[in-house]
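**Q** Here is what each chain is made of, one letter per residue.
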Amino acid sequence: MAKVIMKGNEAIAKAAILAGCRYFMGYPITPQNEVPEYFSRELPLVGGTFVQAESEVAAINMVYGAGAAGARAMTSSSSPGIALKQEGIGYCVKGEIPCVVVSMMRGGPGLGTIQPSQSDYLQATRGGSNGDYHIPVLAPGSVQEAVDFVKESFEIAECYRTPVMVLCDGLIGQMMEPVELDHEPTKREKVDLSTWALGHSPKGKTNTIINLDIDAPNCERENFRFFEEKYPAIEKNEVRWEEFMMEDAEYAFVSYGTTARIIKNAVKALRAEGMKIGLVRPQTLWPFPQKPFENKKIKKWIVGEMNMGQMVPDVQLACGKKEDVLFYGRTGGMIPTPEEYIDFAKKELGGAK
Amino acid sequence: MSTIVYQKPEGLTDVRMHYCPGCGHGIVHRLIAECISELGETENTIICAPVGCAVFIPKYFTYDSIQCAHGRAPATATGIKRVHPDKIVLTYQGDGDLASIGTAEIIHAAARGEKFTTIFINNGIYGMTGGQMAPTTLPGMRSTTSQEGRDPHINGNPIRVCEMLATLTGPAYIERVAVDSPAHVIQTKKAIKKALTMQQEGKGFTFVEVVSSCPTNWGLSATKAMEFVKEKMIPYYPLGVFKDMEKEGE
Ligand SMILES: Cc1ncc(C[n+]2csc(CCOP(=O)(O)OP(=O)(O)O)c2C)c(N)n1
Ligand code: SF4
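As given, the protein sequences belong to chains S and Z, one line each in that order.
Everything in the first sequence is counted per this note's numbering, starting at 1 for the first residue and increasing by one.
Everything in the second sequence is counted per this note's numbering, starting at 1001 for the first residue and increasing by one.
By construction, these hints were calculated from the structure, which means they are not laboratory data.
One or more of the hints may lead you astray.
[Said to hold, decoys possible] Calculated lysine-lysine pairs in the DSSO-like style (CA-CA distance at most 27 Å, straight line):
| id | chain 1 | residue 1 | chain 2 | residue 2 |
| --- | --- | --- | --- | --- |
| 1 | S | 236 | S | 190 |
| 2 | S | 205 | Z | 1008 |
| 3 | Z | 1008 | S | 203 |
| 4 | Z | 1230 | S | 203 |
Since we're looking at a predicted model, the values are computed, not measured.
In isolation and in its complexed conformation, chain S is listed as follows (with noise of 0.2 Å):
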């Protein structure tokens, strides 16, 4: 199929539609209106059903209600609205329930502002629901890879039974660019619905989500189960990230979505230059990549982010070397230019070539 240039709120919408979600569920909040608005124009098309809840707790728990149900459902949201979201993903985590849950993210903290940030990588990544728990987060690095992987994020939460994040910054839902839509995602395999959907019990069967376990034996049992069969197989099957300008580099990026992209010019420009520099960028933020971080030639880590340095941990834990972990970054709804990432390298580089 030809490519068309999309805005890429319009589409995720669309990518999720063409993976076959029929149920969509969401609140009003910039910078990710179009999501909702394009959902409630064509999910009806199609026979889907949207609707505008009342609130990012309600819109969640309508997702928990009809992913419980047995259909592909999601809900977006940007930075408030996904901390409002918190505790329906912790009961569609418990509850096995597939679902995604698109955050586009703003600067914080509070109402912030309604630029573009990457300041809720931790809120992705380390859980604001309560419990011991992991979700799949998928970052994008372009309009292009947010279809992809919105197809991919469905086939996910399938499989595992639990929700799925695709975190952006603003930049990539406000962004138009040419792209594919008819990219086909990996099939995996799924759990019957008759085993455990609501309303697709068999007859004289009963299906249940179940949300409290009383017994404390119980509940732990549950968790064991969770960290030592889902989790690992998610980390085993599902962790990626790209390589760029890596083979011979001495120096390397870290950095995720639209702050990688920016960061690639400074990459190039700094090679231009005779330094041997290159980019890890993480596609999954949680499972974090580990392999890249074996790479024992890199002297020096310098991770990119639109906050104050959330993923810097996350590096310094893959590469073992704390003190080889340098940060540069932008904060509360700024966008960092190629030309920063630049002087920053070489003056913390030392004109290293």
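Based on the hints, put chain Z with the ligands in the right spot on chain S.
**A** Same frame as chain S, now just chain Z with the ligands:
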């Protein structure tokens, strides 16, 4: 020769309920199962449990069921009913769940006219957490967080949910009933059956509030608790039909 005059209705499991003696929850569970059975929907029902004493609903009914977040059952039921318009979908919620933390969810589900049924148990107190003040606790009524009795000047006033929801265009049926006497129990069954029948017919959002008891946290015996319902609760929460789409315009 013997005839069966009373038996457990289909739809209830054999699991022994954990409710305290004199608690209204068990009565209402039974009535729900009877109505759904009589409507031939036992194999076709999905029930949404609240957070509250009724959180163990999945153990007590044979229906597909889900434990919802505190107060969010109307949102979760919205998602379920939109996916399964041909199933009977119910939420079962206490007064802390529905009239406090979940106020937004119930009002908006009602306003949207979501085509499921809510059974609302008003026992004037937080049962599960041990007797704290509920939005429905009567003025002067003692709770562990209003130990001298609820003072409206300090603790605010109770909420009458049926009256509030009846101002909306969305709901198809709203009735308040009680389970303090055999006659009222029979009326409660009628109300639940009417609500479920209207759901079967796709009429819209249906709501039955049951004025109920919590002898344990009221500090009363089972019989005294039922007297309290009759003498104190019902005068404050008058019984009756607050909205009936089928009668409108008559
Ligand atoms: C978010 C959240 N807040 C508080 C609680 C604690 N909690 C459990 S049950 C309950 C109130 C239950 O009272 P009610 O809804 O009246 O039902 P009852 O137990 O009386 O049937 C509360 C506050 C919780 N589980 N989740
Ligand atoms: S605590 Fe109250 S509401 Fe809960 S089971 Fe006992 S009597 Fe019923």
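**Q** Decide, hint by hint, whether the structure agrees.
**A** Verification of the hints:
no.: 1; hint: 236/S to 190/S; result: 17 Å, holds
no.: 2; hint: 205/S to 1008/Z; result: 19 Å, holds
no.: 3; hint: 1008/Z to 203/S; result: 20 Å, holds
no.: 4; hint: 1230/Z to 203/S; result: 42 Å, violated
In summary, the one numbered hint that this structure violates is 4.
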